[in-house]
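Asker: What follows is the residue order along each chain.
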Amino acid sequence: MNLQLAEDGRLRHLLTLDGLPRAIITQILDTAESFMDVGEREVKKVPLLRGKSIFNLFFEPSTRTRTTFEIAAKRLSADVVNLNIATSSQTKGEAILDTVDNLAAMHADMFIVRHAQSGAAHFIARHVAPHISVVNAGDGRHAHPTQGLLDMFTIRRYKGEFHNLTVAIVGDVLHSRVARSQIHALTTLGVPEVRVIGPKTLLPAGVEQMGVRVFHDMEEGLAGCDVIIMLRLQNERMKGARLPSAQEYFKFFGLTPEKLALAKPDAIVMHPGPMNRGVEIASEVADGPQSVILPQVTYGIAVRMAVMAMLAGTGNA
Amino acid sequence: MHASLPDANTLIARLADALAPTLTPDTLIVGIHTGGVWVAERLHALLGCKLPLGTLDISFYRDDFSRIGLHPQVKPSNLPFDLEGRAILLVDDVLHTGRTVRAAMNELFDYGRPASIRLAVLVDRGGHELPIRPDFAGLTITVPDHQNINLSRLDDGHLTLTLA
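These protein sequence lines are chains A and B, in that order. Per the working numbering, the very first residue in the first sequence carries number 1; after that it's consecutive. Per the working numbering, the very first residue in the second sequence carries number 1001; after that it's consecutive.
You may find that some hints are simply not true.
To be verified - Going by beta-carbon spacing under 7 Å, a handful of chain A positions derived as facing chain B:
1. T31
2. S34
3. D37
4. M106
What the hints assert, rightly or not - Stretch by stretch, here's where chain A covers chain B in the computed footprint (C-beta under 8 Å, at least three residues):
5. 1054 to 1061
6. 1065 to 1078
7. 1107 to 1113
Claimed, not checked - When the alpha-carbon atoms are kept at most 20 Å apart in a straight line, the in silico PhoX-like pairs for lysine-lysine are as follows:
8. B:K1075 with A:K45
9. A:K74 with A:K44
10. A:K159 with A:K45
11. A:K200 with A:K159
12. A:K45 with A:K74
13. A:K44 with B:K1075
Since the hints were derived computationally from the structure, they do not count as laboratory data. No residue lacks a Cβ here, since even glycine has one placed at the ideal position from N, Cα and C.
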């Protein structure tokens, strides 16, 4: 059974992009497109989710993702409650469901969930009443579907089509839920060549089975790319002896203007943020003409509006 | 196909004739997706309007959203002008319950405060559920609730009214 889809095929929860039909992904991107102009109007709101209560349930800290979900919900006229729940007091699954039950008793219509543990959003989605929708805002190393979708939206805005692209994902794929969501979405949308580039210690074993080409040499991997997605290198990975040092990493896998020149001249550079300047990306590239890193943030609002609007429309509220 | 329904293009020409004396050069024409935009495009051309045509998709303003959900093909609204203090001519193909027009007016006000809004429809078919009446109608008829009037556009751009 697909937990994400209702019996009539409409979106019920958004938990992962793995197995999400292409038609649904395209519908989300199209809907997001029509939300784009709402941010430019005199009144930056539409009344779609008036009277609905959305709870941002963040068991793991995040500023950008939580803020863009909050803005998106408010632009849909929903009431938003932000809950930052310290992971220390939430060590067992049972406690999570207690929290969820309490919020459901307050007439929650939707939960936006971020958790350090993979599968947390699925766990909640299986538990909630039928009229409540769950959006995964990042669970462990597993998935971050709205980030994946906003990346697809960004690519479509700049490149128009997917069927003729070469896309490279560079860096710490091993620990990245963002990378997993991107790979699923890119292959579903028909991108013929998805590459992952990184040191052996930061690429998951068997990543080729996800339909990607693996490169350990960045120069080689970037050649001819239309889209370059840089991943954040978590500082704690440095301590785990997977990498010698930030300087060393930058030398081999940091995106510099020289390396960027190996991709197509009109290649775009993306990053899910927050960036480590001088570690995975040089400032000249991050702030340069090929960078679309800030538009990604703006698009994230429209994409999250689209997801929430589609979910709220399939409930029986 | 219903024999008694007049040709859509004749009705549009009739509407344009009725509208012509009432339009000022700064009147903005706004069509409601999808049929209303087709009619608005024709009127815009027939009336020789110099200002760009506006289009509205009212999907985000529908009052039945929580029952039927989001329309799968939402088109972007496009109002390439400032509405503040302007005269608006709102155009739709068929006026039935009036709920679409209510939604369209709510959306317009989220772009600014127009000086006035008038409503032109190709067909007023009755069955109103709100105190909304057209200022201009190409055709006024009464159609039973279980029947629908639809405007469709052929590949060659020809518009046809059908009763089903």
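Asker: Do the alpha carbons of A:K200 and A:K159 lie within 20 Å of each other, as the hint requires?
Answerer: violated, 30 Å
Asker: B:K1075 and A:K45: Cα distance at most 20 Å?
Answerer: Holds, at roughly 17 Å.
Asker: Can A:M106 be said to touch chain B, with a Cβ gap under 7 Å?
Answerer: violated, 19 Å
Asker: Count residues of the stretch 1107 to 1113 of chain B with a Cβ under 8 Å from any Cβ of chain A, then say if the count reaches three.
Answerer: Holds: 5 residues of the stretch 1107 to 1113 of chain B have a Cβ under 8 Å from chain A.
Asker: Mind taking a look at whether chain A covers the stretch 1065 to 1078 of chain B? Criterion is 3 or more residues with CB to CB distance under 8 Å.
Answerer: holds (count 12)
Asker: Does A:K45 lie within 20 Å of A:K159 when you go C-alpha to C-alpha?
Answerer: violated, 28 Å
Asker: Does B:K1075 sit within 20 Å of A:K44, going by the straight-line distance between their CA atoms?
Answerer: Cα-Cα ~17 Å, so holds.
Asker: Would you check the hint for A:K45 and A:K74, treating anything up to 20 Å between C-alpha atoms as holding?
Answerer: holds, 7 Å
Asker: Per the CB criterion, is A:T31 less than 7 Å away from chain B?
Answerer: Where the cut-off is 7 Å and the nearest Cβ of chain B is about 6 Å from A:T31, the hint holds.
Asker: Are three or more residues of the stretch 1054 to 1061 of chain B within 8 Å, CB to CB, of chain A?
Answerer: holds (count 4)
Asker: Does A:K44 lie within 20 Å of A:K74 when you go C-alpha to C-alpha?
Answerer: holds, 9 Å
Asker: Classify the hint on A:S34 as holds or violated, based on whether any CB of chain B lies nearer than 7 Å to its CB.
Answerer: Check passed: Cβ of A:S34 comes within 4 Å of chain B, closer than 7 Å.
In summary, the structure is inconsistent with hints 4, 10, 11 from the numbered list given earlier, while agreeing with the others.
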